[in-house]
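Based on these hints, arrange chains B, C and D on the given structure of chain A.
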Amino acid sequence: MIYSYYPGCTLKNKAQELDRCARLSAQALGITLEELPEWQCCGGAYSMATDEIASKLACVRALKDARTRGHDLVTLCSACHNVIKQTNHAMAEDADFALRANNYMAPEAEYHGETKVIHYLEMLRDTVGFDKLAQKVTHPLTGKRIAAYYGCLLLRPGKVMQMDDPENPRILEDFIRALGASPVLYPYRNECCGGYATLEDKALAQKKSDTVMTSAREAEADCIITACPLCQYNLMKNTPEAGRLPVIYFTELLAQALGVDEEAKRA
Amino acid sequence: MQRIGVFVCWCGSNIAATVDVAAVSDTLKNEPGVVFSTNYQYMCSESGQNILKDAIRDYQLTGVVICSCSPRMHEATFRKAAAAAGLNPYMVEIANIREQCSWIHKDKAAGTEKAIILGRAAIAKVHLNAPLTAGESPVTKRALVIGGGIAGIQTALDIAEAGFEVDIVEKQPTIGGKMTQLDKTFPTLDCAACILTPKMVDCAQNENISIYAYSEVEEVKGFVGNFHVKIRKKARYVDTTKCTGCGLCTEKCPVKKVSNEFNLGLDNRRAVYIPFAQAVPKVATIDADHCNMLKSGKCGLCAKVCTAGAIDYKQKDEIIDREYGAIVVATGYQPIALDKYDEFAYSQSKDVVTSLEFERLTNAAGPTGGTLLRPSDGTHPHTLVFVQCVGSRCEDDGRGKSYCSKICCMYTAKHAMLVREKYPDTEVYVFYIDVRTPGKNFDEFYRRAVEEYGVHYIKGMVGKVAPRADGKLMVQACDLLANEQLHIEADMVILAAAIEPDPSARHLATMLTASMDTNDFFTEAHPKLRPVESPTAGIFLSGVCQGPKDIPETVSQASAAAAKAIGLLAKNKLTCNPCVAHSDEWMCNGCSACEKVCPYGAITYMDKEFRMPDRTTAIRRVASVNPAVCQGCGACTVACPSGAMDLDGFSNSQIMAEVDAICKMK
Amino acid sequence: MSKEFDREQILRTSGVNPRKCMRCGKCSATCPSYDEMEYHPHQFVYMVEKGQLDELMASKSIYKCLSCFACVERCPRGVEPARLVEAVRLQVVRQQGNNHLKANDIPALLDDDLPQQAIVTALRKYSK
Amino acid sequence: MQNEMTTFKPKIVAFCCNWCSYAGADLAGTNRLTYPADVKIIRVPCSCRVNPMFILRAFQRGADGVIICGCHPGDCHYTTGNYYARRRMTLLFSMLDFLGIEKERTRVEWVSAAEGAKFAATMNDFVATVTKLGENKRLEDLRCKK
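Residue numbers (the numbering used here), protein chains in the order written: chain A, 1 to 267; chain B, 1 to 666; chain C, 1 to 128; chain D, 1 to 146.
This is chain A alone, in the form it adopts within the complex (with noise of 0.2 angstroms):
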């Protein structure tokens, strides 16, 4: 199976074993990613106004460019995915807005939302299958206790992300009983960390992370896995250091349990 793959700016930099452990993990799930020659910033947050076009071009380029190729596109940082899901929906559904878009674009090859985009975890969920993916761990985490934090951006709004359900999801709890480990639930799974306004109001940041990371230590949780940087960076560095449960990528988690992760190994 072949995917167009778009990783995505702080996969590049800050946050590049969220990328090396999906990549590694997806070969050895049989799964190809063929990252995306010239994709750009997708710009980290969605803007919601209706008359911001030239800031959601750089999504449609690469959502347009994975329609040449012919795959589907698979995303992994949950910004990059909520903010091309959410101008691949207005492509398609918002006809001014496409007119308006495709206007800036190569007028010969006009995009409707054709490209269908999912992200790393539906992939593995409806590609892979959860119970496929149980038969290649190698390495089970059985007995750890692993919170599963969504955040805002992988969910919502629910009628566009369709991913799950955005009040009671599963599909990350279902991934760490596929790795042989007990999923915690938790109320505050999928409440905003904070995300960007840690810029400016680290006050504001850290009130969020707390609540999240205490809801998940009274739930008795070993560690925290997420599938955002933001929300990694969040958690980690805005929150108390006492009682703070260690906060990893879900593909970190992913390449251990397949047992693929070599520099994991050796160190």
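I should point out that these hints are in silico values taken from the structure, not numbers from a laboratory. As the structure is a prediction and not an experimental result, all values here were calculated from the model. Ideal Cβ positions, reconstructed from N, Cα and C, are used throughout, including at glycine. Be a bit skeptical, because a hint or two may be false.
To be verified - Examples of chain B residues toward chain A, derived with CB under 10 angstroms:
1. Y346
2. P467
3. D470
Same frame as chain A, but now just chains B, C and D:
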């Protein structure tokens, strides 16, 4: 040539404001055959009708066109008036210049022009009208009530009281419906069981009432006065004539962990069960999905202990054919599923319950014996949060319902009040958007909850319920009046889930050819003036199947539906619709095309002797329509390849004349 | 610029119809930044409808929305208050010299682990 | 040309079944939902009463569009009438298309008694579509023109 009179109604200013009524009557005066044309303020008033009657006599009118409101409104009125003046009522045609003209067109010139064209079309039609005489059909003097909740029970009792037979079909093993699950009822706080169970017993004892519990309507045929219904009596595997309801089988049954639907899954029942102590009929039912004997043939304990010998593992579903004159729908409601509202954590915590579940948790016959305990750990809750409008008043987004469920404000006030009365150590919060209490003594009731019982009413909605690891529910909400976000540590959260029509209603509506609105509530014949009748003749509506209602309203509507049904059953004969199909025997070639499309089986074939033009006689097979059975849909007229079949009142030539009049160049 | 112009522009940019609001306050009940805001999500809806824009545009509340879509997801009437907050903020930052965050400010805000994503997001949200 | 386009008023014949769509049209009126006066409604007991002859006659006499409205599938007052209408009209419309009467000029819509808003929206849309197509010149009996 007909002598036609045209009467243009102003309808006060309803028509006259956007249609120049004088211009309409003046223009139509010049149409061929029109001998009289006038306009009047209210044609439907007594003096308006007198103008019509006088004109029919004075001008010897043979046809009448009324340009007024929809024929669905006053066609019957004008036909009656014409008949009183000696004109056949089917010589009257209505041009709808209100609903389909004056109310929708703001431009007076365009409205007037359209009104004239609609008038012309009606005149063209009347030219081809022929006097029709309505036939008669008999009435089966028995009513069917579908649904045995409080609505169905009240309707059945009233019909039976008037001396007519009535059957109740209920899909559950017992009648009683949702009301049996309630604890107290607002605004007087009577115990639901105390006022309902006597009525259930009355039903069982009334010799005019037959109860078909654990049964469903399978098929409906026929028409008003003459319905043929097939009822499926589902196998209970218990002979109801022998079972004494002693309950011994339910005690001995080894299958103990079947979710008890009567207590909404809050506790368990056995595979053989009686839903509750006051069930009517009070007989046991074996749940075939869980019974060991029926699944694997290994057990048979209940048959061993039954002293009456009532257990019958070989029982089969039984189909009963019955005939009815009237059918009353009383299929009721259910709370919506809350799986799409998990911000309230309904599927994540046992201590988040629906209001109906809360009724069971406070009911003396419920799983906790009436002591309010948290379902998760059986402890006494101290802080309770009620959330209103969960799924009601929503945008149509696939999650909730667009309408107000109407009963939630009152039952929530009741719950809050009862909790505070019984457990003064509790703190009770109610989050509301609006408190809607328009009913007799309703607002007073709600005020008592606030003023006497100290329930905290907070205007605002709950945004999230977070079940904490220590069992507390963190309720995050907004107090709009204080303009602050609240965080309440609650022990229980009670959700006032929206109500929706029972899912079985959809299929039933199709069988009855009764129409439904977009929310699957049955549509009434007129929203204000005929609220308990379906547009389909002989079908009446009782209770929540027509729209959200509380108990007092349901009971009044149930009695109203009964009165309408009684009015129908009291007639010996019904006047039939004379607009039925007929076949021109000379043109008919006996091909059977019409018979195949007739949904009523009204067309038969007979061999008839004809005297041919060459004076020989020939026997030909021709179609014949039974006018008492034909409902006048006209399917056969289009199917007929030779054009022999036509519909009285809506004949081919009449509709063609209307088409011509509308398309005619100016 | 006139108030009416601002209001029209905000409604157009956001695509929100504030008249759909039934004043239930679920947006404010669910908002993670509620305590940081002077005007809360439900007030944005009400004040834009009433044309009280000066207060909103002058308020720091417009920079407090985390774009977490919780109010969008949970609003029973599909009003989508976050779009309105975004539109009011854009109405401010799109004016000359009104960038809330300038490129020169950024180096001082960085630390070793801060993901790029945070910077681009903040720039997109706070600047034109 | 431009002027002609804006002043063109199409002739539209709407056949509405008595039980659902006629009542839906009444509801549109009761709710004061406007649609162009070019639409003239003919009441029939059921959509299955609409004989293809009526539609041919309408086009022959100068109609620019014909729409048939009935109860939603499964909701027919006569149980099955609308199914017949749907099948008959599918055949008729493709024949009309063959004869040069564009498919957009003919339409079957399901409108229930509760859907006043849908009725008005449908008529607005249909009138706009037919207006865009302009005057129908096919099938017209020139003798009917003055």
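Hints breached by this structure: none
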